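Chemist: Line order of the protein sequences matches chains A and B.
Using our numbering, the letters of the first sequence correspond one by one to residues -17 to 233.
Using our numbering, the letters of the second sequence correspond one by one to residues 1000 to 1277.
Rather than coming from a laboratory, the hints here were simulated on the basis of the structure.
Here the structure is a predicted model, which means the values were calculated and not measured.
Hints should not be assumed to be uniformly reliable.
[Said to hold, decoys possible] No farther apart than 30 Å at their CA atoms in a straight line, the calculated lysine-lysine pairs in the DSS-like style are these:
1. B/K1275 <-> A/K94
2. A/K129 <-> A/K96
3. B/K1158 <-> A/K129
[Unchecked claim] Using C-beta positions, here's what the derived DEER-type ranges look like:
4. A/N173 <-> B/A1109: 53 to 63 Å
5. B/V1007 <-> A/D117: 48 to 58 Å
6. B/Y1267 <-> A/R100: 32 to 42 Å
Note that the Cβ used here is the ideal one computed from N, Cα and C, for glycine as well.
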Amino acid sequence: MDIKIRTEELRLSFGKREILKGVTVDVYKNKITGFMGPAGSGKSSLISIMNRMIDFEENATISGRVFIDGEDILDGEIDEVHLRRRVGMVFAVPIPLPRSIFDNIAYGPRLKNKNSGRELRSLVQESLKKAFLWDEVKDRLNSSALKLSGGQQQRLCLARTLALEPEIILLDEPCSGLDPISTAKIEEALNELKKEYTIVLVSNNTKQIARITDYAAFFYMGTLIEYGTTEKVFTNPSERKTEDYIQGKFG
Amino acid sequence: MRISPNFVDKIVKIGLNFQAFFTVGILIAIVAVIFFKGSPYLNLEFIFSSPEDMGRHGGIFSTIIGTIFLVLLSIFIATPLGVGTAIFLTEYTKESWFTKIIRFGVESLAGIPSILYGLFGFIFFVVKLGMGWSLMAGVLTITIMILPTIIRTSEEAVKTVPRNLRIVSYSLSATKWETVTKVVLPSAGPGILTGIMLSVGRAVGETAAVIFTMGSSLRLPTSLMDSGRTMAVHFYILAREGISMEKAYATALVLVLSILFINIIAYYIMNKVTSKYS
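Bound-form chain A, shown alone (with noise of 0.2 Å):
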């Protein structure tokens, strides 16, 4: 099975306030990797350090290293701009841009200079049929994507990230807010995604991460405690603190 990100001793802090204490970890290429844990526990500083949008946060320092398609991603030559094209992610908080669903999702391939009418339609189209939105927003293209609902404002932006054509969707706790129809429709759209796409899952949702994950780990105050197939973890975990946090006794 073919490593698409390794972390290797990956540690984070925002002053001296350790968030992750010396991560490794690897995930497969084309399938969907879960990471739970408690609040707290680095998992979405984690994925954050995947397309270097940790650097806009303050003062925080990194040591470690971590290997997208063996290059480092933490080396100072890389180009993050071209990074977060390969690397898309999707928020916990839908967050739409104050324009038309249209120039929503066509933001980021307008930054790529993809401007030719035909070729940017037939992109939006499909990045809106794959995250599941197209039947539902496809008349009104025009119209603000700040009238959406919720579950569908983040299936705009999964749409929206998918529009980048990238080969890995990190998605930061994306059901948080959102209702079980509206989740069970990204699900649904996440299991199709797979094929083309590696994905890693940022979940408080145990059983979210159970029904749709093929790898899991498990996270607990900066550290990996568990990390296997998402059957082994979840059946027959080797460490008693996943087993507790999976049945819920704290988290």
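Based on these hints, arrange chain B on the given structure of chain A.
Modeler: Leaving out everything else, chain B in the frame of chain A:
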């Protein structure tokens, strides 16, 4: 005896209504006085003919042209400089002693009486740089005068753009500059426009700083090095020297109507722009 909260509520409501009407009332009264005193003398000939006999006869065409050039040129120079400074302060630097000094300077400059700008413009542009009383010296002085307003209002507007929007833009592979031009500026647009409109108002109505630097020649300015007169200065001289109160009020009416007109146009354009970004 306790006063019932509902009663207080009613009193407050009446009080606030009165205050609002009072404020608007004063505004309407001023405009009404200017309108009634000025409108009998306002006609197309007044607008399109040049002043004669120091303004006692004829129209105000040269002062309209003087005002338009002075205001437009100042705004064209001050807006990019001011918005650029605001963007620099908010997006491209972290808070430090350097930004604090800039901000302190801007705040202080915003509070300086305009006649001091006039004096500075006179000493520096008119005398030291040898521009003489000219449109150029006037434009540069007014630019410096309105710059603090534009910087402050733009900075406030830029700061109100949610950080989330910037983060999303970066995550979609935008560079800093792309984020500023495609996300920050469109969202901050209405606020920036407010600052520009305030500045237009200040520039249109300015007299002291203009007399010191642009002079008060009634001839039509044909180059940047010509002296000229703005409507506000014209009004001031007509009224102050007792040349013609009728012409003074007619001039004031044109001044008020043009500010109204500019505001309407500006907000119309802004509505067009913001409807695209909402």
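Chemist: Each of the hints needs a verdict: does it hold here or not?
Modeler: Structure-based check of each hint:
1. B/K1275 <-> A/K94: holds (21 Å)
2. A/K129 <-> A/K96: holds (26 Å)
3. B/K1158 <-> A/K129: Within the cut-off at roughly 24 Å; holds.
4. A/N173 <-> B/A1109: 53 to 63 Å: holds (58 Å)
5. B/V1007 <-> A/D117: 48 to 58 Å: holds (55 Å)
6. B/Y1267 <-> A/R100: 32 to 42 Å: Hint holds: Cβ distance 34 Å, inside 32 to 42 Å.
Violated hints are absent here; each numbered hint is respected by the structure.
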